[in-house]
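Visitor: Here is how the chains run, residue by residue.
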Amino acid sequence: MTAMYMDTLFTAVRSINAYALRSLLSSLGIAVSVGAMIAVVSVIQGFSSKVSGQFEGFGANSLTIQPVFDYQAQLRGKYATLRASDLDIIRDNVQGIDAITPEITVVGRYSAQAGYQGKVINTDVRGTTATWKELFLRYPDKGRFITTADDAYRRKVAVVGHQVVKDLALPDDPTGEYLQIENEWFRIIGVLDKRGKNLGMNQDDLILIPFNTAISLTEFEISPSFWFQMQVLDMEKMQAVQQRIRMLLRKNHGLKKGEEDDFEILTADQFMDSFKSITQTITIVLGGIVSISMIVGGIGIMNTMIMSVTERTREIGIAKALGAPRKMLLLQFLLEAVILSLYGGVTGIALGYVLSELIAFFAQFPSPVIPVWIVLFSMGFSVVIGVLFGFTPAFKAANLEPIDALKFQS
Amino acid sequence: MGFDITRALPLVQLQHIDKVYDNGEIAQKVLDDLSLTVYQGEYVSMVGPSGSGKSTLMNLIGCLDRASGGAYRFKGTDVYQAYSQEQLSDMRLRFIGFIFQNYSLFPKLSALENVMTPLMYNQTPRGARKAIAMEALERVGLGDKARNLPCQLSGGQQQRVAIARALVKKPELILADEPTGNLDSENSAMILELFEQLHKDGNSLIVITHEDQVARHSQRMITLQDGRVV
Ligand SMILES: Nc1ncnc2c1ncn2[C@@H]1O[C@H](COP(=O)(O)OP(=O)(O)OP(=O)(O)O)[C@@H](O)[C@H]1O
Ligand SMILES: [Mg+2]
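As you go down the protein sequences, you meet chains A and B in turn. Residue numbers for the first sequence follow UniProt numbering, beginning at 1 and rising by one. Residue numbers for the second sequence follow UniProt numbering, beginning at 1 and rising by one.
Hints in this document: simulated from the structure, not taken from any laboratory. A hint or two may mislead.
Unchecked claim - Below 25 Å or equal to it, Euclidean Cα-Cα: the simulated DSS-like pairs (lysine-lysine) are:
(1) A:Lys407 - A:Lys327
(2) A:Lys396 - B:Lys108
(3) A:Lys156 - A:Lys142
(4) A:Lys194 - A:Lys166
(5) A:Lys119 - A:Lys166
(6) B:Lys170 - B:Lys145
(7) A:Lys197 - A:Lys50
(8) A:Lys197 - A:Lys166
(9) B:Lys200 - B:Lys170
(10) B:Lys130 - A:Lys327
(11) B:Lys108 - A:Lys407
(12) B:Lys108 - A:Lys327
(13) A:Lys197 - A:Lys276
(14) B:Lys75 - B:Lys170
(15) B:Lys29 - A:Lys407
(16) B:Lys29 - A:Lys327
(17) A:Lys156 - A:Lys166
(18) B:Lys170 - B:Lys130
Said to hold, decoys possible - Calculated from the model, a selection of chain A residues having no Cβ within reach of chain B, i.e. all distances over 10 Å:
(19) Ala130
(20) Asn183
(21) Asp273
(22) Leu355
Claimed, not checked - So the derived label-pair ranges between C-beta atoms look like this:
(23) B:Leu9 - A:Val296: 56 to 64 Å
(24) A:Glu401 - B:Glu186: 54 to 62 Å
(25) A:Phe408 - B:Val230: 28 to 36 Å
Just so it is clear, CB atoms sit at the ideal spot from N, CA and C, and this is done for glycine as well.
Chain A with its partners taken away, still in its complex shape:
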């Protein structure tokens, strides 16, 4: 019995090989669908594993408070913001938190100008406080970090990242040198440890200055790019702390009952959750698109198979005259469809792999990860499509009357 299946398999493979070009073309639809799916999923997975890795280091007990970006309101010129007073209120009224750290981006959200000896670069300048280093677990390589005194006296001092040292061609140990940020002179007091790139963002392309200095530098005291983070000492109290902060901020922002929060309180978990839900949505939408294109691919295979059955009607007639078992003919044509489809699936996986590497390379994304499940899913889906769309042609072949098949004139 198994011998019969082996024979049938061989026969199916042979006749696919006999029409290699046509087989290749007819499986192209499946190959492209699977390729696209693999590429997108593995790029997303690449991001996903990188992000997860990040949050593990970041700590589950941290809280982030940031303004809600309501684009509708922004269009009307209304920016939701946090205020410097929010920080004080939380510090003074919430128990069980530590290392509450503000961050403010100086001028523009992403870049500010910094210069040294005639060289000028755009970089990310942020104002923050001494606790930043504990929150992010980043410490200076050389020199020292911003202190509470630096902040209190609005000292014009800066801690720079390695990329800044390189781009401004600062000396190897730049402490004591002066650089210019937005037309003000800052003394370099330290160099941050090296982190490299993460999610396409260079973690070393950064200058930190004292928070209050930054506020005085930024003409507007409240900025949409102002947020703060803190650590909750007792994980059990996470919920309670969040509620307390929410109440305090609503009061400070003068929000009435029924008005929505103009800020959000995020935990590392929530970051992960929202990231996961984004990737999940993408995956589902993608799954839908791929299913449709797989079905189109399957129709392509069915078309080829029907053509091939018609073309081979006389051969089928001869096989029937020789006494070929119906089951064998049915299986042979079904297998041909499945193999074509699988062939497309495997080509698609290879295609997807190459594509994802190319995308990651040119877009500078984290290196893609191809999960085993998507490979198995692609293969499984290909088989299902092959069976589904191979049935009609296979039955057509197996149910031909021997005499009609023999007398068939193409």
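Knowing the structure of chain A, use the given hints to seat chain B with the ligands on it.
Guide: The following block gives chain B with the ligands in isolation, referenced to the frame of chain A:
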């Protein structure tokens, strides 16, 4: 081993067979109340004018087609009563070897692979197939062409491959529809000699032909005219 009609058993028994082709507009009675018996080990030739129903009759005997009326017994079994479509197929596989007028080889398979197909259908153990098929090919004098595709063979060689393929499963009945129709006299002679050999070996043969020379080789000549044996 010669043929002794007193000892032989009926192999093919056709009783009052009608065959009507009805294409919706005109119904044509191609076989009309035809009765015929062929015994085991017989070598029968079938002649008759074109359109007299020879091929139609052969297709009925080979169970490729069904009669519109009458009964057909093969080795004593009423095939229309007893056999399903799949059993008919199995019967063809076990007992009948076809040789068609136009070469009927699988175009993408080599001569040897063509001869091996019936062995695959009847599940001869894989290891034994090649040797058996090779033997059949050698028997028709084509041992050296085993690897050739049909398109790399002459018409006569193709027909000999088809004969090897019909022989390879050692069928009880060989049905040949104008096997030499497209061949020159030399190739024809070779094939007729083969038939003679098969007959001597105890096979039954029914050979359709319109050539006297072919018919003369057989033991019995059946003449068809307007769907009847005359
Ligand atoms: N499928 C069919 N539908 C309708 N009529 C058919 C069909 N097949 C055969 N016929 C008719 O049946 C008759 C007998 O055909 P058949 O092929 O049996 O003749 P034949 O004796 O083999 O002739 P030849 O010597 O030319 O091969 C012919 O008149 C033919 O037109
Ligand atoms: Mg004929």
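Visitor: Decide, hint by hint, whether the structure agrees.
Guide: Status of the hints after comparison with the structure:
1. A:Lys407 - A:Lys327: Cα-Cα ~22 Å, so holds.
2. A:Lys396 - B:Lys108: Holds - the C-alpha atoms of Lys108 (chain B) and Lys396 (chain A) are around 21 Å apart, at most 25 Å.
3. A:Lys156 - A:Lys142: 18 Å, holds
4. A:Lys194 - A:Lys166: With Cα atoms ~12 Å apart, Lys194 (chain A) and Lys166 (chain A) stay inside 25 Å; holds.
5. A:Lys119 - A:Lys166: It holds: about 11 Å lies between the C-alpha atoms, which stays within 25 Å.
6. B:Lys170 - B:Lys145: 21 Å, holds
7. A:Lys197 - A:Lys50: 11 Å, holds
8. A:Lys197 - A:Lys166: 15 Å, holds
9. B:Lys200 - B:Lys170: Holds - the C-alpha atoms of Lys170 (chain B) and Lys200 (chain B) are around 14 Å apart, at most 25 Å.
10. B:Lys130 - A:Lys327: 24 Å, holds
11. B:Lys108 - A:Lys407: With a Cα-Cα distance of about 20 Å, the restraint between Lys108 (chain B) and Lys407 (chain A) holds, given a limit of 25 Å.
12. B:Lys108 - A:Lys327: 22 Å, holds
13. A:Lys197 - A:Lys276: 21 Å, holds
14. B:Lys75 - B:Lys170: 16 Å, holds
15. B:Lys29 - A:Lys407: 19 Å, holds
16. B:Lys29 - A:Lys327: 34 Å, violated
17. A:Lys156 - A:Lys166: The hint holds at about 21 Å.
18. B:Lys170 - B:Lys130: 15 Å, holds
19. Ala130: About 80 Å separates Ala130 (chain A) from the closest Cβ of chain B, which puts it past 10 Å; holds.
20. Asn183: 81 Å, holds
21. Asp273: Per Cβ check, Asp273 (chain A) is outside 10 Å of chain B; nearest 58 Å; holds.
22. Leu355: 35 Å, holds
23. B:Leu9 - A:Val296: 56 to 64 Å: 60 Å, holds
24. A:Glu401 - B:Glu186: 54 to 62 Å: Hint violated: Cβ distance 37 Å, outside 54 to 62 Å.
25. A:Phe408 - B:Val230: 28 to 36 Å: Between Phe408 (chain A) and Val230 (chain B), where Cβ atoms are some 32 Å apart, the hint holds.
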